[in-house]
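K.L.:
Residue strings, one per chain:
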Amino acid sequence: MTINQSGWRPEMAASGTATGAPTATGNRALMLEEPLIFEIGSADRTGVDLEQAPAVQNRLGGMERSAPIGLPGLSEQETVRHYTRLSRQNYAIDLGLFPLGSCTMKHNPRLNEKVARMPGFADLHPLAPQSAVQGALGVIHELGEWLKTLTGMAAVAMSPKAGAHGELCGLLAIRAALEARGDARKVILVPESAHGTNPATAAFCGYAVEDIPATAEGRVDLAALQARLAVGGPDCNVAAVMITNPNTCGLFEREMKKIADAVHAAGAFVYCDGANFNAIVGRVRPGDLGVDAMHINLHKTFSTPHGGGGPGSGPVVLSEALAPFAPLPIVEKDAAGVFHLIEEETAGQDHAQNFGRMVAFHGQMGMFTRALAYILSHGADGLRQVAEDAVLNANYILRSLEDVLDAPFGGSGPCMHEALFSDKGVAEGFTTLDIAKGLIDEGYHPMTMYFPLVVHGAMLIEPTETESKAALDQFIMALRSVAERAKAGDEALKGAPHFAPRRRLDETLAARKPKLVWEEAALAEAAG
Amino acid sequence: MSRYFTEDHEWVDVAGDIATVGITNYAQEQLGDIVFVELPEEGKTFDKGDDAAVVESVKAASDVYSPVSGEVIEANGALEDEPALVNSDAEEDGWFFKLRLTDASELDSLMDEAAYTKFVAGL
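So the protein lines, in turn, are chains L and H.
With numbering that gives the first Met the number 0 as the guide, the letters of the first sequence map in order to residues 0 to 527.
With numbering that gives the first Met the number 0 as the guide, the letters of the second sequence map in order to residues 0 to 122.
So here's chain L without its partners, still in its complex pose:
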């Protein structure tokens, strides 16, 4: 057989290059085409030299595999090149501004990586004796203390593995608290301006979900909330309100304290989605606003990598009322400065009401070390400046573009960490999707689009604090240019991206008839 080293396939020449003559390989200078690993691999190549397996007596009774197993065979160099080439077709925070709203795609400082790779942290086993891992337990404890201090809360559950897992943890604590007082409430209220994971979490926990409308200025409608809480009087069936603050319109819920007071007066709890904590860290303590439970995305606010580089980590802070129900394990420090892992056998009286356990072990240790490195390198004053700069940058984008893009809540005062635009005013037949695809041609990852749902054709842009003014100016120039083309009805924009490794993909066909398993073309054809 011939070895297809370059990855060329016959259909590639026709697959469309925007300018210039097609090349024989399909490559365009440093833009290298790369087929799937199954298309370039073959069973007669390998990256390791294994000894011939010894002859054994077959005891499979006729059940042995009769067809090739179908794994690709590649040398080490081919494997390295394959993944390096694929990585060059990707976009990453290390390549440029990543404006995804509600995702807080900030720079991941290399200091975090250095700390996380220290063998004393990186090489531990979760079942090592506690006396041998005092340093690691100390990191979990100290990070937890920082999170409690920054949020003004009584307790913290460190183990949840990401935001939605943290939401689940918070709701389970709320349910445990309600059950402990013999109160089986069935409803969770979720404002329209909350994150989409909130109603999903509530439903997963077995609660009925009810919407609370937003006001015209994009905030929770307090009067509607109060009216709903009043239903049933003393038999109010609302277990909790899940609220995102700052919300997904990029606005601070100014009436958060009044909202929390009304919820508490009705005997219910306040869950706050802390995904947007970056906008208020060091400035606002959610505990002071009456929040009972809030998850913190270490991978957003505290700069641990995400967006393909994860994993996430979503510790949950809990109020005095919910603290007794915190899940295990818990790291505690005794008077002598020794750290103890509180687990089922050692929970004792203080943690007798714990609702159980979210994960097998302690949580995302690698993210704890990164987050603590980030916190200690910034200090309290530095964290405060993080929030201030994040808000400043978002407002700079909002005000720099509101003459060319519709800002539906531009009149609701300054935005927080993210700027929200709509597709109002673009030419007939043009959409937010066209603007997003145009941004790809300009060399940017698109913004979050069609979310939040309360805004038509939403574009949600979160620059974070780590972008310089020069970087923001270039992004603004690029988006302004694309927006002006959309307003002018530039037909070329409908075909964007023109310069990406692939042109505009058929998302509808991909969703309606997804191909989830690769099949060799001949096999697929034979199967019809």
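Watch out, some of these pointers could steer you wrong.
[Unchecked claim] In silico DMTMM-like links for lysine to aspartate or glutamate, alpha-carbon gap of 20 Å or less:
no.: 1; chain 1: H; residue 1: LYS47; chain 2: L; residue 2: GLU209
no.: 2; chain 1: H; residue 1: LYS47; chain 2: H; residue 2: GLU105
no.: 3; chain 1: L; residue 1: LYS423; chain 2: H; residue 2: GLU28
no.: 4; chain 1: L; residue 1: LYS512; chain 2: H; residue 2: GLU37
Derived by calculation from the structure, the hints in this document are not laboratory data.
Since the structure of chain L is already known, use the hints to place chain H on it.
P.N.:
Chain H only, in chain L's frame:
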């Protein structure tokens, strides 16, 4: 047969005590290309306003509410294989489910075609 509309962009055709429910042409335009429809099972009963079906487009997933109370007697299985029917023919072949009405007086609170057209124009 008479047709009624809701503010949540469902339509309902009534013939005798059988109501056929779908989403309006305006709704499918707003949602964009429909990629998946989840339909209620036969025999399920709804109160007016209950979540009855889910429609998912490339942009978002949305609940479809039951415009009236009743028992599901049939769901449009064609939508499971061909969700694009909702885009191509939302108000006829793209119907979602049929209900046996339990309270015909609920229809009085719904809009007629003229009122719905006016309602959409104001959005």
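K.L.:
Hints first: check each against the structure and report whether it holds.
P.N.:
Going through the hints against the structure:
Taken as a hint, the LYS47 of chain H and GLU209 of chain L pair is honoured in the structure, with Cα atoms around 15 Å apart against an allowance of 20 Å. Between LYS47 of chain H and GLU105 of chain H, the direct Cα distance comes to roughly 8 Å. Compliance with the 20 Å bound is thereby established for this hinted pair. With a CA separation close to 16 Å, the supplied pair LYS423 of chain L and GLU28 of chain H stays within the 20 Å bound. Of the pairs offered as hints, the one joining LYS512 of chain L and GLU37 of chain H holds, with about 16 Å between alpha carbons and a cut-off of 20 Å not exceeded.
Figure legend: structure checked against the earlier numbered hints; every hint is met.
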